[in-house]
Amino acid sequence: MKKQLSDYKAYTLADLINDETFILWVIQPDETADTFWQNVQNTFPNLIPLIVSARNIVLSMRFETDELSTIEQQQLWQNIEAKTILVKKTGRTLPMWYRYAAAAVVAGILFCIGVLYSVNQKVNIETPYGQLKNITLPDGSIVTLNANSQIKYDKNWDKDEIREVWISGEAFLKVNHLHQRGAVQNHERFIVHTGAVNVEVLGTSFNVNDRRGHTEVALLEGKISLDLKTGETKPLILAPGDIAEYANGKLVKKPINVAEYASWKDGKLYFRNVPVAKIFDYFEDIYGYKVVVDDPKILEKRLSGTLSAKDRGVLFKAIGVTLNISISPKEATNELIVTSK
Amino acid sequence: MQLHQNHNPNNETQHWNGFKDGDPASFEYLYKTHSAGLYNYGSKFTKDKDLIKECIQDLFVGLWTNRNSVGNPDHVKNYLYKSFRHAIFKKTFHLSKNETYEETENYSFQVVLNVEETLINNERQLQVSEQLQNALAKLTARQREAIFLKFYEQLSYEEIAEVMGITVKAGYKIMARSLDYLRNNLSKDDLLLLYLILHLKLIN
Numbered sequence: 001m002k003k004q005l006s007d008y009k010a011y012t013l014a015d016l017i018n019d020e021t022f023i024l025w026v027i028q029p030d031e032t033a034d035t036f037w038q039n040v041q042n043t044f045p046n047l048i049p050l051i052v053s054a055r056n057i058v059l060s061m062r063f064e065t066d067e068l069s070t071i072e073q074q075q076l077w078q079n080i081e082a083k084t085i086l087v088k089k090t091g092r093t094l095p096m097w098y099r100y101a102a103a104a105v106v107a108g109i110l111f112c113i114g115v116l117y118s119v120n121q122k123v124n125i126e127t128p129y130g131q132l133k134n135i136t137l138p139d140g141s142i143v144t145l146n147a148n149s150q151i152k153y154d155k156n157w158d159k160d161e162i163r164e165v166w167i168s169g170e171a172f173l174k175v176n177h178l179h180q181r182g183a184v185q186n187h188e189r190f191i192v193h194t195g196a197v198n199v200e201v202l203g204t205s206f207n208v209n210d211r212r213g214h215t216e217v218a219l220l221e222g223k224i225s226l227d228l229k230t231g232e233t234k235p236l237i238l239a240p241g242d243i244a245e246y247a248n249g250k251l252v253k254k255p256i257n258v259a260e261y262a263s264w265k266d267g268k269l270y271f272r273n274v275p276v277a278k279i280f281d282y283f284e285d286i287y288g289y290k291v292v293v294d295d296p297k298i299l300e301k302r303l304s305g306t307l308s309a310k311d312r313g314v315l316f317k318a319i320g321v322t323l324n325i326s327i328s329p330k331e332a333t334n335e336l337i338v339t340s341k
Numbered sequence: 001m002q003l004h005q006n007h008n009p010n011n012e013t014q015h016w017n018g019f020k021d022g023d024p025a026s027f028e029y030l031y032k033t034h035s036a037g038l039y040n041y042g043s044k045f046t047k048d049k050d051l052i053k054e055c056i057q058d059l060f061v062g063l064w065t066n067r068n069s070v071g072n073p074d075h076v077k078n079y080l081y082k083s084f085r086h087a088i089f090k091k092t093f094h095l096s097k098n099e100t101y102e103e104t105e106n107y108s109f110q111v112v113l114n115v116e117e118t119l120i121n122n123e124r125q126l127q128v129s130e131q132l133q134n135a136l137a138k139l140t141a142r143q144r145e146a147i148f149l150k151f152y153e154q155l156s157y158e159e160i161a162e163v164m165g166i167t168v169k170a171g172y173k174i175m176a177r178s179l180d181y182l183r184n185n186l187s188k189d190d191l192l193l194l195y196l197i198l199h200l201k202l203i204n
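Each protein sequence line maps, in turn, to chains A and B.
Numbering-wise (the numbering used here), the first sequence opens with residue 1 and increments by one.
Numbering-wise (the numbering used here), the second sequence opens with residue 1 and increments by one.
Please keep in mind that the hints were generated in silico from the structure rather than gathered at the bench.
There's no promise every hint is true.
Derived, one-sided and incomplete: chain A residues facing chain B with beta-carbon distance under 8 Å [unchecked claim]: (1) T65; (2) D66; (3) L68; (4) Q73; (5) L76; (6) N79; (7) I80; (8) K83; (9) T84; (10) I85; (11) K330; (12) E331; (13) A332.
Calculated Cβ distances over 12 Å to all of chain B for the following chain A residues [unchecked claim]: (14) R189; (15) D227; (16) V321.
Below 25 Å or equal to it, Euclidean Cα-Cα: the simulated BS3-like pairs (lysine-lysine) are [what the hints assert, rightly or not]: (17) A:K290 <-> B:K49; (18) A:K290 <-> A:K278; (19) B:K138 <-> A:K290; (20) A:K133 <-> B:K47; (21) A:K155 <-> B:K91; (22) A:K310 <-> B:K47; (23) A:K250 <-> A:K229; (24) B:K90 <-> A:K133; (25) B:K49 <-> A:K122; (26) A:K133 <-> B:K91; (27) B:K91 <-> A:K122; (28) B:K49 <-> A:K330; (29) B:K47 <-> A:K290; (30) A:K83 <-> B:K20; (31) A:K330 <-> B:K138; (32) A:K83 <-> B:K82; (33) B:K53 <-> A:K152; (34) B:K53 <-> B:K82; (35) B:K138 <-> A:K310; (36) A:K152 <-> B:K90; (37) A:K83 <-> B:K91; (38) A:K83 <-> B:K53; (39) A:K83 <-> B:K32; (40) A:K330 <-> B:K47.
We put the beta carbon where it would ideally sit given N, CA and C, even for glycine.
Full structure from sequences and hints, please.
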């Protein structure tokens, strides 16, 4: 740090910040540095306020670290340990008959596991933000899974069992119609489980949206029956064009144009007099942004029209122009910044 | 201000050899030394914490399983970071076992510069840090990653090239371009602060 004391006379804030000895003193002070900088301050009292603010700046700037907590680190290590160093070979030799017996037991267990596994194996498909996926179910029914959604079902569907899937997020389903005539057999039934609602169908096209504690089912063709998981109320029967909404413990039918509800699967968004707040909820669900609005009045505006959802940049621009606002993604913080113009 | 744990490279090589001989303590040392850094690095690529942890787990389980056939890397840390980066790409792009990830610009790498609480009241500081953040956000993922590796992880250009799977020359080029960009788009004061932030890590 061998600079002349007089060098510091004309020091500016910028000079201080740029001075490695200064930075070192702030971060890792030792006696020599303390004495030295005390000396500087005594000689040039006018530097004192500069040194204080330079200190603050140095102490406050940093890269953000994503921390692995000690507990997480330990848990992870236990997992690794269990799969590596704890797997030890034993040095003992076992009698021959013992080995055969053990082998037989292991084979038996493996067989049982195999049987259970092949019966119960679950398929679990999740979509990331901003991506759709088409899935063909074991019976040939087709599911389009919207972004940030999940579907689960058994890998093999038994001929005598009800067809069942579990969905969270949003999906459009086109269910194969298996029922011909007579009494409905089990395997001709198809049930979609969501958070609070069971949707039972024979063969139809419909949209399920189960987000934010809210379930909506829109029917395009066929006939479906909705049933609360609690089983308290009578099932609600939907006809094509109906939408059922589940909120606050109740299941209600609403007359709305259902085509809009499934438009996402064709890369389009239909809005008819939709509050902007709802559109932003949708962006949060689909793209994973946190929407930040500078003026809450924006949220009260309403929007109608058809927009292409294929390119989110274009989509944001189009909505921005329509409402005279600016919508810009801030990738660093994963925010969608909305400002009024 | 986070201080970086200083690794002793000689020690590291010793533990690497120990791990290859099947010594659990050495293996644990490698995990303890690098898991936090790997986690931090991984979290710049994705917000999916479970995925990052899974990649760390797979990396170490894989190392142990193949300990008889792994080589003797010059820098253990680079070797780990490189394998880990590859694992993250494989997982995030859902590649199958035999597919390789074609290097593209098409990935995400987010770093956040932080202003600590003490200065939150000071509007000027907030403004500055936002400007810095914006400038960084305009760089490509590759440029941000190179800056992170250079200034946060203190890797040399040779090491950056190894981890990112590019040539040393390309590493220099990426860095020169990003610094140029920052120079042209930040005021003198802001650039000074950015220089400070980046530089602090070098001294530590």
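Unsatisfied constraints (hint numbers, rising): No numbers; nothing is violated.
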